[in-house]
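Number of protein chains: 2
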Amino acid sequence: MRIERDILDKNNDHAAQNRARFMQTGTFALNFVSSPGSGKTSLLVRAIGDLRERFPVAVIEGDQQTSNDAERIRAAGAPAVQINTGKGCHLDAHMVAHGLEKLKLERGGLLFIENVGNLVCPAAFDLGEAHKVVVLSVTEGQDKPLKYPEMFAASDLMLLNKADLLPHVDFDVTGCVANALKINPDLQTLLVSARTGEGLPAFYAWLEGRAARWARANAPKAVAE
Amino acid sequence: MRIERDILDKNNDHAAQNRARFMQTGTFALNFVSSPGSGKTSLLVRAIGDLRERFPVAVIEGDQQTSNDAERIRAAGAPAVQINTGKGCHLDAHMVAHGLEKLKLERGGLLFIENVGNLVCPAAFDLGEAHKVVVLSVTEGQDKPLKYPEMFAASDLMLLNKADLLPHVDFDVTGCVANALKINPDLQTLLVSARTGEGLPAFYAWLEGRAARWARANAPKAVAE
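Chains B and L supply the protein sequences, listed in that same order.
Residue numbering for the first sequence follows our numbering, starting at 1 and increasing by one per position.
Residue numbering for the second sequence follows our numbering, starting at 1 and increasing by one per position.
To be clear, the hints were calculated from the coordinates, so they are not data collected in a lab.
Glycine is no exception: its CB is placed at the ideal position from the N, C-alpha and C atoms.
A portion of the hints provided could be inaccurate.
To be verified - With a cut-off of at most 30 Å between alpha-carbon atoms, the simulated DSS-like pairs for lysine-lysine come out as follows:
| hint | chain 1 | residue 1 | chain 2 | residue 2 |
| --- | --- | --- | --- | --- |
| 1 | B | Lys182 | L | Lys104 |
| 2 | B | Lys102 | B | Lys87 |
| 3 | B | Lys87 | B | Lys147 |
| 4 | L | Lys10 | L | Lys147 |
| 5 | B | Lys104 | L | Lys147 |
| 6 | B | Lys182 | B | Lys147 |
| 7 | B | Lys147 | B | Lys10 |
| 8 | B | Lys182 | B | Lys104 |
| 9 | B | Lys182 | L | Lys182 |
Stated by the list, open to error - Here are some, though not all, of the chain L residues that point toward chain B, as calculated from beta-carbon distances under 8 Å:
| hint | residue |
| --- | --- |
| 10 | Ala154 |
| 11 | Gln188 |
| 12 | Leu190 |
| 13 | Arg195 |
| 14 | Glu198 |
| 15 | Gly199 |
| 16 | Trp206 |
| 17 | Gly209 |
| 18 | Arg210 |
Stated by the list, open to error - Pulled a few chain B residues facing chain L out of the computed Cβ check, cut under 8 Å:
| hint | residue |
| --- | --- |
| 19 | Pro79 |
| 20 | Gly175 |
| 21 | Lys182 |
| 22 | Ala205 |
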């Protein structure tokens with residue numbers, strides 16, 4: 001417990017530094033968390049295509065091994081840095097700080113951080129993001145919020161992905177949302193499909209509204225001469 | 001403008017008194033707002049049936065004329081007070097205070113306040129509730145959040161009612177949610193049907209989670225002897 005506390009304290013220091021950097025550069029950062037295979041990368045690829053005319057977008061990709069995802073992101077037209085965590089099951093704020101050194105952040109831009117696919121470890125690690133967004137696909141089962149409560153408690157938005165598969169799977173959307181709200185009554189939920197694009201306009205409206213408010217709250221203070 | 005300010009200031013004083021009363025009696029109060037015909041009363045009738053074994057429920061009904069709604073609520077098994085606003089297009093906190101005199105509020109109970117059907121006037125009037133819940137039915141069109149922004153800005157939850165009619169109407173759920181999020185990026189949305197009951201478990205989970213947190217935050221302080 002003591003070691004865990006020390007690790008989290010240290011992480012929080014780095015997260016605060018990342019957050020200060022995001023304020024300086026005017027960067028709205030989201031931390032995407034999920035199980036492996038929920039479709040995070042496909043969502044980001046689609047969102048980059050849809051949003052890049054309105055926002056500069058940069059991406060940090062976390063995976064234990066390979067740089068496949070960063071390559072997919074670059075092919076979609078956004079600069080991306082791949083972080084390999086090796087044995088680690090999550091990104092931490094220090095790794096993200098190093099990733100940021102390799103990215104040019106533009107004012108008013110978005111930073112998507114795609115965490116390692118894991119519904120447990122990333123929950124406790126603040127990376128300096130404005131919000132954690134948990135992605136759950138409808139092929140995974142509606143009990144996941146109850147089984148992995150920390151992740152749903154730490155997130156502000158749940159994207160229920162693969163909505164196009166709903167006719168083919170036995171997934172109770174209302175039951176899943178009810179389970180998530182039992183854990184976190186503030187959680188917002190949107191039903192989306194990275195494949196068909198359905199539901200994504202609502203996600204983009206959420207993102208723009210939150211980013212605009214974040215920018216107002218974190219505008220650089222006027223310097224008194 | 002000056003008169004409007006005076007009216008709102010006075011209302012806010014009464015709302016604060018209602019809020020203090022709700023803290024004293026341990027009552028979690030929701031203020032339901034919508035256009036006429038969105039199905040608020042049907043929703044409340046169904047919710048009373050589903051929730052009354054878990055919570056004592058009381059209702060304040062606001063209408064310009066008639067006591068039809070209070071009668072429907074009483075038939076569903078909850079005590080109800082009807083307030084007729086006459087020419088008024090909304091309840092105000094002073095009217096609610098008078099209504100409360102006629103209701104016995106039980107500790108840990110719910111108070112549903114059904115406002116006058118009107119998407120404009122009730123937005124500005126705090127009644128002392130924990131949350132405004134805006135009900136929009138899928139027969140009304142997805143542009144309503146943009147046309148009546150104050151109501152959607154003032155609400156914490158949007159219930160998209162009459163989900164059972166979705167196959168028969170030309171209503172874009174995602175577009176509606178996107179419009180609402182443009183106005184209020186914190187707004188939570190649940191798709192429900194008072195007729196079939198679909199989606200209501202998620203609403204009850206939201207309600208229980210919010211009520212539990214409200215109760216923790218407003219627990220009577222221990223009195224030092």
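Broken hints, numbered, in rising order?
Hints 5, 8, 10, 13, 19 not satisfied by this model.
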